[in-house]
Every structure is written in structure tokens, then in C-alpha cells.
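Colleague: Chains G and B, in that order, give the protein sequences.
Residue numbering for the first sequence follows my numbering, starting at -6 and increasing by one per position.
Residue numbering for the second sequence follows my numbering, starting at 1014 and increasing by one per position.
Hints are not guaranteed to be accurate.
Derived SDA-like pairs (lysine to any residue); straight-line CA-CA distance at most 25 Å [to be verified]:
hint : chain 1 : residue 1 : chain 2 : residue 2
1    : B       : K1075     : G       : V159
2    : B       : K1154     : G       : V77
3    : G       : K158      : B       : P1113
4    : G       : K158      : B       : K1210
5    : G       : K158      : B       : A1115
6    : B       : K1075     : G       : V77
7    : B       : K1085     : G       : G149
8    : G       : K158      : B       : V1130
9    : G       : K158      : B       : K1196
10   : B       : K1075     : G       : A154
11   : B       : K1196     : G       : V77
12   : G       : K158      : B       : K1093
13   : B       : K1196     : B       : R1260
14   : G       : K158      : B       : K1085
15   : B       : K1154     : G       : L162
16   : G       : K158      : B       : A1177
17   : B       : K1210     : B       : T1138
18   : G       : K158      : B       : L1081
19   : B       : K1154     : G       : A234
20   : G       : K158      : B       : R1260
21   : G       : K158      : B       : D1136
22   : B       : K1210     : G       : A232
23   : G       : K158      : B       : P1098
24   : B       : K1075     : B       : K1154
25   : B       : K1154     : G       : E143
26   : B       : K1154     : G       : V159
27   : G       : K158      : B       : R1195
28   : B       : K1093     : G       : V159
29   : B       : K1154     : G       : A232
No lab work stands behind these hints: they were computed from the structure.
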Amino acid sequence: MTLFGRRVPAMASLIFWGVLWEIVGRTGIIFILPPLSDVLVAAVDLVRQPSWQDATVTTLRAFLIGMALAIGFGIPLGILMGRVRIADELLGMWVNIFSSAPLSALVPVLMILFGFGERTIVAAVFLFAIWIIVLDTRAGVRHIAPSLIEMARSYGASRPALYGKVILLAALPEILAGIRLGLIRGVKGVVIGQLLVSIVGYGALFETFSRNFRMSQFWALTIILFGFALLVAALIERAEARIDYYAGARE
Amino acid sequence: MRPATREKLHSLPVDDTIVAVRGVDKSYGSTEALRGIELDFPRGRLTSLLGPSGCGKTTLLKIVAGLLDADKGTVMVDGKAVSGPGPERAFVFQDFALLPWATVLRNVAFGLELRGVPRGERDETARRYVAEVGLSGFEQKYPHELSGGMRQRVGLARALCVDADVLLLDEPFSAVDEQNRRKFQEDLIRLRNTQNKTFIFVTHSIEEAVYISDRIVLLSPRPGRVSQIIEPAIDRSGDPERIRRDRHYLDTVEEIWQGLKQYVD
């Protein structure tokens, strides 16, 4: 970005909005928006509290289990759809609907199915994350040059070798992109799930803070969550960059 | 030297035939790709399948490879009917088909890896063939670090590495630049002399076919049929550069061109 002919560093906009937040907060016009400095103080205070630490453990555990399930089911399903036409025709429509549907509406149904506890949160993470993983894996498998598969066949690859040594690795860049997007959606899933269940983990904290108008803590928790989502995405992006050195050259 | 001679089908003794194609038909939907193909490929020779695009030459090669099924007819390799890919045949792909995430050495050894040959043994064999195709020193490079010509050398080394009797090459030099292609053709003549293998070579280049082949099978398009078999009588023992100025070479190229002209759209 340039401003008055000068280059402005990328972090500048963040600082601009931070300062604006601080000013608006100090005027006290909007009661839900305390000054940013108060929020940061609250954040430091928050991470010291056992209630936050317990909530974080609960949240992380639900997130990781849900993601593991989404990846564990999503990749095989995507490969199946990429390779077997009939599976693609049977499942393609549903995967596309679910990947773009407002899944939050289904969380109450999950509550009926799995009860008001961690299982519902895990199910929400799974439901939010899996579809994009399936779609990207499918796209990756479809994108493999037919000659690579013919090569494996002509040199006598068994079925497990064909999938394990060729197809999975050839589709890896797209699979990782799917996992990255899936993780971001999974964060949404864990937050929405906990908010709707509202007695578990961060959901319970959010509920307490907003009901008691403890806005600085409320915003502190929000910022921590955003930070976590960005951190997860950045980590996967780094892994992708390492894979990309051949992905870019595979044409 | 004798002038280029034409011969009839089945003129060679049967026990000299390694690959026999019998009455092969193949259609894609309503498009007839091959009709009634009868061919014998002599052992230890280099036979080219030559023809304009759409004559089904690659289809025929893939049927011989066992990568495609014929609608009718059979392919026999060493007297046994082909029902799929087999260890006695190795394929070289037009677009190289290398694993982009694997080094040159692992790519070359991949056929052996799939057969369960232990790591040390297959790497040793692979090193030998990497050297054979002139890529020593590039064992630890990745395909994207190589030129097109070098990539196809990897593809060729991979095919040699599994020690198949029949090498099937599908327009292997079409994605390689002209200088490299010429060098490649010379190397192929040398390999044919030293490796004691049967080569079946698909190309659409008349010059290439005449330059390298013991035998040229001309296919005519729509549907693909064998129209003529030519054995160019060219002495390839001397300097490979000289062949391109050889009168028989030039005459054969001209003769094939006259025959194929009618199929040019």
C-alpha cells in the first residue's frame, strides 16, 4: 500500500485501527467497546486464570479430535470421489451443498444427537471442517496427470502402492490446502458449537462475559481466538510452501 | 548396400517374434481407432509405429503395454497372451511421467521399488543406469531441476532398470528440443546395439523413424490400419552423423512422405 507516494508497511493498518479503537474506547460513546489498552490488560489477566486455562484445554481437545476425524475421513472420501466416478456422482452434490451451507443451523440438531457436551463440539468441528478437505482432495486427485497413474500401473504397482506412493503424494499440495481451509473452518465450528452449547469451554466464558457486560474480557477472548485461528493457518501455510517447491514444477 | 525393401507380413520366422498382435480392434465410443491389426515385432530389433495423428499408434502401443484393453483380438508376448502390464515390458512416456517429489535416483529405481527390491540393491542398479544414460552426478536432483531432455533420460533409465525384454516408447522425444532430440536418437541407436532389447517406438516424425528403426510400420488413419512395412537398409555401424546424409536414408524419408502425403489435411 502507498499513501501520499510513500510505502506504508503492512502492519501500519493494524496500528491505525488499534489507535482508532483506543480513541473511540476512551470517549466512552459505545459501552460495548472499551479502550484497546483495557482489553490487552484483560487478556494478560485472562490467560492467568484457571477458568481460561481449563476452557482452553477443553476447547483445544475438542478441536483436535474433531479435526483428526475430519482429516481422517475427509482425505479417503476425497480420494474415492476423485477416482471412482459413481462415488463422485452419488456424493458430489451433497459434499457441495454441505461445504457452502450455513452449518450453524445444524448445530442444534447435533445437540439433540450428541447431548450438551464435548461430543457435540467435536461433531461441530468435524461438520465444519470435513467438506472443504473432501473437495480439495478430490480436486487434487483429479488433477494428477493420467500418465503418472499409467506409469505406476505399467511398472506393476499394487493397489496400496498406487495409492500410497503415487496418488496421495501427487495430490498432496491440494490436500494440504484443503486441510488449511478445513482448520480455519474448524475454528469456526468449535466457537459456534461452544457458543450454542454455552456451558462448555470458551462458550461458557463468552456467555459469562457478555451476560455480565465484562466487555474488555469479552474482546480479549475474541482476540485470543482470532490469533489462534491465524496462527494455525500460518503454520499450515508454511508446510504448504515446503511442498510447493515441487508442486509448482510438476507440470 | 541394398535399397529400401518392402516385405509382407509374417515374413520373419515365428520363433524370432517376441510380440505378436493378432486381429486387434479398438474403438472409443463411435470412433474406430484400430481395425484388424496383425503385426509381428521381431526380437532384438527396433520397430517404429509411424503415422499421422489419429492413426491409433499410441493406442496400439498402450494395448501392447497392457494399459488399454483391445475390443477384439489378442497381443502375445513371448507366446503368452497379454492381460495387463507385465515385468517383461517397460514403458517410456511422452510427458516423462516422473515423480516430482522423488530424486532422479529414486525415480529410476521406482520400478524396482514397486517390485520390492531392497533399497541398497535397487539404488546400485539405478546408479548404473543413471550412468548409462549419461546422467551421472544428477542422482540427487529433482525432476524440476532438469531440462526436458534430461528428464526423458530419467524415464529411459527407469525403463532400462527393470530389465524388461521389450521397451515401449511413446513419442519419447516429442517434448524435447531439437538438439537434445538428435543426441537422444544417436544414444538410442547405441543402446539398441548394447542392450539386446526389443524396442517398439511410436513417432510421428518420418526422419526420426527412418533414422533409428530397423523396421517401420506405417499406419493409416481413421480407422488405424497397417498400410505398409518398410525395412530401411541403412548401415548404422559408423558415425551416427553420417546416417543423416546417407542416400538410402534420404530416399526412404522421401518414399514414406510420398505415401503419407494423402493423409495430410
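Colleague: All hints are to be evaluated individually against the structure, with a verdict given for each.
Modeller: Against the structure, the hints come out as follows:
1. A C-alpha spacing of about 20 Å is found between K1075 of chain B and V159 of chain G, which places the hinted pair at or below 25 Å, so the restraint holds.
2. As the CA atoms of K1154 of chain B and V77 of chain G are separated by approximately 34 Å, the hinted pair breaks the 25 Å bound.
3. For the given pair, K158 of chain G sits about 12 Å from P1113 of chain B by alpha-carbon distance, which is consistent with the 25 Å threshold.
4. Restraint check for K158 of chain G and K1210 of chain B: not satisfied, since their Cα atoms lie roughly 29 Å apart, outside the 25 Å limit.
5. Distance check on the hinted pair: K158 of chain G and A1115 of chain B sit about 10 Å apart at the alpha-carbon level, within 25 Å; holds.
6. About 22 Å separates the Cα atoms of K1075 of chain B and V77 of chain G, which keeps this hinted pair within 25 Å; it holds.
7. Our distance criterion of 25 Å between C-alpha atoms is met by K1085 of chain B and G149 of chain G, whose separation comes to about 24 Å.
8. Distance restraint check for K158 of chain G and V1130 of chain B: the Cα-Cα separation of roughly 15 Å lies within the 25 Å cut-off, and the hinted pair is therefore satisfied.
9. For the given pair, K158 of chain G sits about 33 Å from K1196 of chain B by alpha-carbon distance, which is inconsistent with the 25 Å threshold.
10. For the proposed pair K1075 of chain B and A154 of chain G, the alpha carbon gap of about 21 Å is at most 25 Å, so the pair holds.
11. Pair hint K1196 of chain B plus V77 of chain G does not hold up; C-alpha atoms about 42 Å apart against a cutoff of 25 Å.
12. Using a Cα cut-off of 25 Å, the hinted pair K158 of chain G and K1093 of chain B is violated, with the two alpha carbons roughly 30 Å apart.
13. For the proposed pair K1196 of chain B and R1260 of chain B, the alpha carbon gap of about 21 Å is at most 25 Å, so the pair holds.
14. Between the alpha carbons of K158 of chain G and K1085 of chain B the distance comes to roughly 33 Å, so the proposed pair goes past 25 Å and is violated.
15. A hinted pair counts as satisfied when its Cα atoms are at most 25 Å apart, and K1154 of chain B with L162 of chain G qualifies at roughly 18 Å.
16. A distance of roughly 22 Å separates the Cα atoms of K158 of chain G and A1177 of chain B; the hinted pair therefore holds under the 25 Å criterion.
17. Proposed proximity of K1210 of chain B and T1138 of chain B is supported: the alpha carbons are some 17 Å apart, at most 25 Å.
18. A threshold of 25 Å between alpha carbons decides the hint, and for K158 of chain G with L1081 of chain B the separation of about 22 Å falls inside it, so the pair holds.
19. Annotation: proposed proximity of K1154 of chain B to A234 of chain G holds, straight-line Cα distance about 19 Å (limit 25 Å).
20. Of the supplied pair hints, the one linking K158 of chain G and R1260 of chain B is violated, its CA atoms being roughly 50 Å apart against a limit of 25 Å.
21. Distance restraint check for K158 of chain G and D1136 of chain B: the Cα-Cα separation of roughly 17 Å lies within the 25 Å cut-off, and the hinted pair is therefore satisfied.
22. A hinted pair counts as satisfied when its Cα atoms are at most 25 Å apart, and K1210 of chain B with A232 of chain G does not qualify at roughly 45 Å.
23. Between the alpha carbons of K158 of chain G and P1098 of chain B the distance comes to roughly 18 Å, so the proposed pair stays at or under 25 Å and holds.
24. For the hint pairing K1075 of chain B with K1154 of chain B, the CA-to-CA distance comes to about 30 Å; that exceeds 25 Å, so the pair is violated.
25. Restraint check: the Cα-Cα separation between K1154 of chain B and E143 of chain G comes to about 23 Å, which is no more than 25 Å; the hinted pair holds.
26. At most 25 Å may separate the alpha-carbon atoms for a hinted pair to count; K1154 of chain B and V159 of chain G meet this at roughly 19 Å.
27. Only pairs whose Cα atoms come within 25 Å are accepted, and K158 of chain G paired with R1195 of chain B is rejected, the gap being roughly 34 Å.
28. Only pairs whose Cα atoms come within 25 Å are accepted, and K1093 of chain B paired with V159 of chain G is rejected, the gap being roughly 29 Å.
29. About 21 Å separates the Cα atoms of K1154 of chain B and A232 of chain G, which keeps this hinted pair within 25 Å; it holds.
The structure shown violates the earlier hints numbered 2, 4, 9, 11, 12, 14, 20, 22, 24, 27, 28.
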